[in-house]
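Asks: Listed below are the residues making up each chain.
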Amino acid sequence: MAATAMLNTSCEKVSPQGVLMAGTAVEDRVKMSQLFYKDYLQQSSNNIIVNPYDSKLHGYSFLVGSDSHVTTDPGRMDEMFAIGLENNDLLYCHLGDIADTKPEYYITLDKSIQYAKSNYVQKYYEPNELGRYVRKGDIYDDYGILYEDIKFPFFPVVGNHDLTHNGWALWSNLFHSSFYEFDVICGYDEEGNQICDHFIFLDTASGTLGKLQVDLIEQGVLDGEDYYRYTFIFGHTNIFLPQNMQFASTFPREEAYFLLKQFDKWNASIVFCGHVHKWDEQIFNMVHFVTLDSMSERNSPEAGDYLVRVTVNEDGKLDIEKVHMNYVAKSNSDSDSNS
Amino acid sequence: MIITCISQMGWAQNCYIPYKGYDGENKNEISAYVMGGTNVVTDGFGGLEASYTRHITPRWHVGGDAQMQFGKELFSVDVQGGYRLPIKYGNIDFSAKVMYNFYHKFGFHEMAYNISATWESAYVDLRLGETLVHYHSHVWGIGWGYTETPLLTFGFGANIRHRNNPWNLGLFFRNYDDFYYENWNINWGIRWYAKVKEQWRLFGEFNIRPAGSISQLASKYEGSVKIGLKYKW
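Chains H and P supply the protein sequences, listed in that same order. Numbering follows numbering that gives the first Met the number 0, in which position 41 of the first sequence is assigned residue number 40; successive positions increment by one, without gaps. Numbering follows numbering that gives the first Met the number 0, in which position 78 of the second sequence is assigned residue number 77; successive positions increment by one, without gaps.
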């Protein structure tokens, strides 16, 4: 029975070598991510400002998707970005297993992201006479920025299926860092204090944080400022097992308890996970845990509520809702919806 | 021939002599081992374990175990019992276990309830069972608990020599250890025993505990060594 169950988990991404050799790839990923992130922070802030031209407007929303497993059909990724753009979501987060690990699938994914960015720029920016882009509504910036310097607010974490077949080389080529944090600066309260929310992204793709990531967390690398209104945490591997998904791994005991304690220390509001392709919600230690279903058209072929939107309202109240996806793959799904 | 259980778990806990038949004469077994290793979260750790088993009859046994792990700040106790059913090729050992763990470092209390059936043959053993785990912590002045979905418990072991030999060496794969039960985090390693005197056995194991399932390209999480001594009377 156990052996049968193990075989049933097999697919071309399964690697017995992983169990037998006990690789330490997570350490390399975190090291690379940390170095990249430190350099990036020295050059520019990763923080996002909500309504920079009216600091009294504090509300915003963001969209979360998971386990898209993009291959040749980017339909669901395109739809996620389109939904976010239509709703004016501030940013988009992805919980890993974004594409299956073949170079051509990452080309598909990159096209989808570039297509979404062009729509994003078209909606929120306008070109000036210098051929540069100025944010609509920004009356102070005449000079603008280059198209390639416009940051498309898409923030993924790495998943286990992003690692197979040397997938980290593909994933990191697009996204660079699997371990990072940033602030969403929402404005100022009546007493002049900055209202700030915290976004933390963890590399949990291997089912463990690894020694370096644990050390960095304990050193407070992700702690940010002293005070946040809300803290949102994103990772791939689920903490809690949905009732009917027994054959999926979660963290080892000590690490699960370490994370639950750390979420409490971070005063986390919502922790988002994926991995098991099954919706689940739990509240533990006053933290709301949401495990998302797969948004992949192969794992979830029917239209359904595969995304989650979190809305931070003007009054600071937090709302969370499922978001419906309509895209259904065509029977011959080699088409590129960008075209 | 009456043979006692040889499950990996039973090494240190509810068997007198690993891989050798229970002689039906001794009523008591006691064992202890020392352990040490490294863990991703807690770094180095070490600990002590002690076990006692009482054979009520040649078929029925009960026992208990306790451990302290320094570094992890983990304290555990369990009680268990079992019934051994001889079959043509070995035995099937039906067992039940209730375990309490206190992860002091993280402030978590954990209860685990396991039932298992273990088939034991001369060279190979296979365990299947179910485990229910509940844990809770206490923050914000409130206790928070969570009961996991029942976990499949499985273990496989194979030895290079017939179990009647005075020393043996084997491999194991399993998703549990003496004081924890996992889901698809499959630990594996090498186990051995050696006869010291008629009533004494040395035993030990080297255990690699990865994090993540096969499809997660399991990563190094913990490595540990156990060395122990067992005595019957």
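No wet-lab data here; the hints were simulated from the structure. One thing to keep in mind: the hints can contain errors.
[As the list claims (entries may be wrong)] Keeping only pairs whose Cα atoms sit at most 30 Å apart, straight-line, the calculated DSS-like set for lysine-lysine is:
| # | chain 1 | residue 1 | chain 2 | residue 2 |
| --- | --- | --- | --- | --- |
| 1 | P | Lys104 | H | Lys210 |
| 2 | H | Lys30 | P | Lys104 |
| 3 | H | Lys264 | P | Lys194 |
[Stated by the list, open to error] Here chain P is said to cover these stretches of chain H; the calculated rule only asks that three of the stretch's residues, wherever they fall, bring their Cβ under 8 Å from a Cβ of chain P:
| # | stretch |
| --- | --- |
| 4 | 33–39 |
| 5 | 180–193 |
| 6 | 203–211 |
| 7 | 283–293 |
Don't be surprised by glycine CBs; every beta carbon is placed ideally from N, CA and C.
Asks: Now tell me, hint by hint, if it's right for this structure.
Replies: Hints, one by one, checked against the model:
{"no.": "1", "hint": "P:Lys104 x H:Lys210", "verdict": "holds (17 Å)"}
{"no.": "2", "hint": "H:Lys30 x P:Lys104", "verdict": "holds (26 Å)"}
{"no.": "3", "hint": "H:Lys264 x P:Lys194", "verdict": "violated (50 Å)"}
{"no.": "4", "hint": "33–39", "verdict": "violated (count 0)"}
{"no.": "5", "hint": "180–193", "verdict": "violated (count 0)"}
{"no.": "6", "hint": "203–211", "verdict": "holds (count 7)"}
{"no.": "7", "hint": "283–293", "verdict": "holds (count 3)"}
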